[in-house]
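> Please model the complete structure; the sequences and the hints are all you need to start from.
Protein sequences, first through last, are from chains V and X.
Heads up: the first sequence begins at 3 in this note's numbering, then just goes up one per residue.
Heads up: the second sequence begins at 90 in this note's numbering, then just goes up one per residue.
It is worth saying that the hints were derived from the structure and are not from the lab.
Heads up, a few of these hints could be off.
Unchecked claim - Quick list of in silico lysine-lysine cross-link-like pairs, DSSO-like style, CA-CA up to 27 Å:
#: 1; chain 1: V; residue 1: K243; chain 2: X; residue 2: K182
#: 2; chain 1: V; residue 1: K251; chain 2: X; residue 2: K182
#: 3; chain 1: V; residue 1: K163; chain 2: V; residue 2: K243
#: 4; chain 1: V; residue 1: K163; chain 2: V; residue 2: K97
#: 5; chain 1: X; residue 1: K410; chain 2: X; residue 2: K369
#: 6; chain 1: V; residue 1: K243; chain 2: X; residue 2: K185
#: 7; chain 1: V; residue 1: K251; chain 2: X; residue 2: K185
#: 8; chain 1: V; residue 1: K243; chain 2: V; residue 2: K97
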Amino acid sequence: MRSLGVAGGGTLMVPLLGRAESSSGLPGEQLVRFPEKTDLILRTDRPPQLETPLHYFQQDFTPNEAFYVRWHLEGIPTTVNLDTFRLEISGAVEKPLSLSLADLRGRFEAVSLVAVNQCSGNSRSFFAPRVPGGQWKNGALGNARWTGVRLRELLDRAGVKAGAVEVAFSGLDRAAIAATPNFAKALTLDHAREGEVMVAYEMNGADLPMLNGFPVRLVVPGWYATYWVKALNQIRVLPEKFQGFWMDKAYRIPTAPDGNESPEHPATETTPINRLSLRSLFVRPEPGEQIPARQPFEIQGLAFDSGRGIERVEVSTHHGDAWQAARLDPELGQYAWRRWRLRWNPPARGKYQLQVRAFNRAGERQTTRLWNRGGYLRNVIEQTEVEVV
Amino acid sequence: MRTPMKILFRAFAVGVAVFQAGVSGAGDTPAPLAGAPGPDAVRSITLPHFEPTLAAAPGRDEFLAVCVSCHSPRYVTLQPLFSRRQWEETVDKMAKVYGAPMGQEQRQPIIDYLVAIHGPDSDKAGAAADEDSAFTAPAVPPARPDTTPLLKPAVEAAAHQAEVNHGAELFQQDCAACHGTAGRGDGWVGRVLLRRPENLAAICFSPRLLGQALWNGKPGTAMPSWRNLSPGDLTALAAYVQTLHPPDTAAPASSEAVQRGNLLFQQNCVPCHGVLADGKGVSAASLMPPPANFRWKQPDFDYILQILRDGISGTGMPSWKSQLSEADRRALAGFVRSRFETAGAP
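Put into structure tokens, the structure is as follows:
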């Protein structure tokens with residue numbers, strides 16, 4: 003049935019278990035509607051993990067109401083009072099700040115950028131062997147225009163003390179019991195001050211939905227979404243390296259350059275997950291979609307990386323042979339995704355296996371094999387099966 | 090290193106700080122609704138619930154008592170079918186890393202349960218289990234021996250106070266997120282629960298009920314069992330929770346009102362709450378959470394009225410607003426309160 007054959011240079015593809023699992027939107031998945039959101043795929047509730055249906059990725063910008071949702075701790079914010087909400091900037095600073103949303107909007111320069119936000123575990127359900135965690139298909143992903151203030155400007159206003167090395171971030175979410183580690187993430191001071199990390203109060207020109215981090219969230223362009231702390235209310239400048247469960251124990255990847263390990267030979271060295279891996283995805287045809295023979299069909303998809311820039315996307319309609327260059331849509335920004343298209347005339351009826359791979363300006367390429375215990379960094383060359391009728 | 094621009098920023102930062110001086114920061118605790126915020130200042134959502142009922146199998150009681158406090162049961166069914174070893178690792182991680190309040194004797198039944206309903210062979214076993222998967226089928230015969238340790242609160246005043254103080258610390262640490270810092274059931278985490286946490290300030294509890302609730306959790310709610318706590322800690326918590334309810338000064342209902350309430354109770358409430366109001370009606374076994382036992386639990390008069398009016402969402406308790414007049418509901422409230430064991434003693 004399903005070709006598990008040889009890709010490109012002859013590397014064996016890892017067989018996927020069970021049915022052909024390529025993208026989101028398999029029939030039988032439950033769609034649910036949460037407040038301020040449209041129908042999304044229910045991965046789990048309390049705390050919610052809601053996946054964006056694939057068809058939304060036919061748009062440049064993922065609508066706020068369709069943007070995926072993922073929280074760690076049960077006590078997610080369901081009420082925010084802007085009269086009392088403050089973003090605190092404290093720690094190794096000359097002058098701690100306590101800023102309301104109005105302060106952020108009125109007292110700092112507003113900046114905008116388009117950036118992909120992708121969950122570290124996006125596509126985890128395709129790992130073989132399977133690993134524990136949120137069983138996402140490809141929809142823990144979105145592209146939006148983020149507007150807010152530069153983190154650098156906030157830190158400069160507070161005056162970072164000499165000797166500070168890291169900055170830690172946490173939000174309004176709370177665990178039910180004290181023993182559960184509170185969610186906090188950290189960046190190096192250099193990264194925090196490089197100018198593009200942002201405290202965003204708008205997403206696609208509107209308030210953030212509560213489930214996406216109202217009133218403000220951190221935006222870390224080119225980095226996995228675990229760093230994009232939602233409902234951000236604490237920024238602490240630290241004179242030493244941050245220590246905390248969500249950096250030291252969770253969200254870690256093998257230190258090897260490709261983040262690869264195997265169940266038999268688990269990596270002994272791990273490091274916190276960081277930059278987005280280069281990857282490309284199919285958006286159309288959707289899994290299970292039937293398309294007519296001998297008529298032009300536009301294969302569509304998207305590609306992104308950590309900001310190096312997509313240079314080329316290639317598609318194979320022949321099991322990983324005869325790669326053709328797809329046409330790239332105009333760039334939306336350094337950290338945005340790049341949509342691509344390829345006109346295809348399926349010559350005859352039957353099942354076709356499509357593959358897609360991207361190349362970036364830094365010379366990176368996608369992999370044919372990836373596994374790690376966390377189910378992170380998935381960026382293998384995608385394949386999807388389409389039935390031509 | 091210091092640029093003129095930065096100095097300017099610093100000067101401005103001082104201004105911001107002065108401007109902020111009169112405003113209290115958000116602090117470490119999310120701010121509750123303030124007195125009279127502006128019309129657009131407060132944004133709220135109410136979360137929907139899609140929590141599945143998991144199949145009946147031995148160990149479900151332990152699973153419900155320990156695991157669903159922090160997450161929906163869907164976190165289990167979301168996962169691939171794990172081997173026993175993977176479930177062991179997962180359960181141990183939940184306890185050691187995330188602090189699930191699991192007692193040693195609860196570990197094995199939970200692992201067995203997860204393997205049975207979502208392990209490598211659960212596909213085969215699943216059909217049989219699913220047929221009686223409804224709330225209506227208790228996983229195990231209900232008459233299990235009660236293993237709740239007997240809590241022996243201190244008698245001497247100073248020792249009692251020390252116990253209450255220790256209980257207060259434990260409460261703020263592990264209970265306040267759901268029950269609220271004053272026990273009113275309005276904690277930050279409590280807001281996301283379908284079955285709102287109990288308002289501990291509006292109910293007088295018998296020590297025995299508190300002991301059972303702490304030891305067994307409250308099935309059908311997010312209240313976990315706390316078997317990882319020592320008997321001393323449990324005693325302290327129970328002692329503190331009893332102080333959350335102010336001393337009861339309400340006059341008991343008149344005997345006529347109690348009589349009328351009794352009649353209404355026998356007509357309307359007995360199937361669930363039982364003839365003796367002890368929560369052991371014929372339908373009780375099919376309800377999660379189980380109906381209240383009013384011999385061990387005495388809610389305030391107004392609190393009962395509120396529940397009779399609104400029902401309790403996420404439970405079998407309906408609203409009686411359209412079935413019973415307010416006068417009848419008041420009579421019923423008086424009767425229910427009269428069943429409390431210490432109050433009802435001759």
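> Hey, K243 of chain V versus K185 of chain X, does the alpha-carbon distance stay inside 27 Å?
Roughly 24 Å between the alpha carbons, so the hint for K243 of chain V and K185 of chain X holds.
> Next pair to validate is K251 of chain V with K185 of chain X; report whether the Cα-Cα distance is within 27 Å.
OK: K251 of chain V and K185 of chain X at ~12 Å, within 27 Å.
> Hey, K251 of chain V versus K182 of chain X, does the alpha-carbon distance stay inside 27 Å?
11 Å, holds
> Given the hint that K163 of chain V pairs with K97 of chain V, does the C-alpha gap stay at or below 27 Å?
Since the Cα atoms of K163 of chain V and K97 of chain V sit roughly 10 Å apart, the hinted pair holds (cutoff 27 Å).
> Taking only the CA atoms, is the gap from K410 of chain X to K369 of chain X under or equal to 27 Å?
24 Å, holds
> Within a Cα-Cα threshold of 27 Å, do K243 of chain V and K97 of chain V meet the stated pairing?
Answer holds: K243 of chain V to K97 of chain V is near 21 Å, not above 27 Å.
> Between the alpha carbons of K163 of chain V and K243 of chain V, is the straight-line distance 27 Å or under?
The given pair, whose Cα atoms are some 15 Å apart, holds under the 27 Å limit.
> Would the pair K243 of chain V and K182 of chain X pass a check requiring their Cα atoms to be no farther apart than 27 Å?
Within the cut-off at roughly 25 Å; holds.
When the structure is compared with the earlier hints, no violation turns up for any of them.
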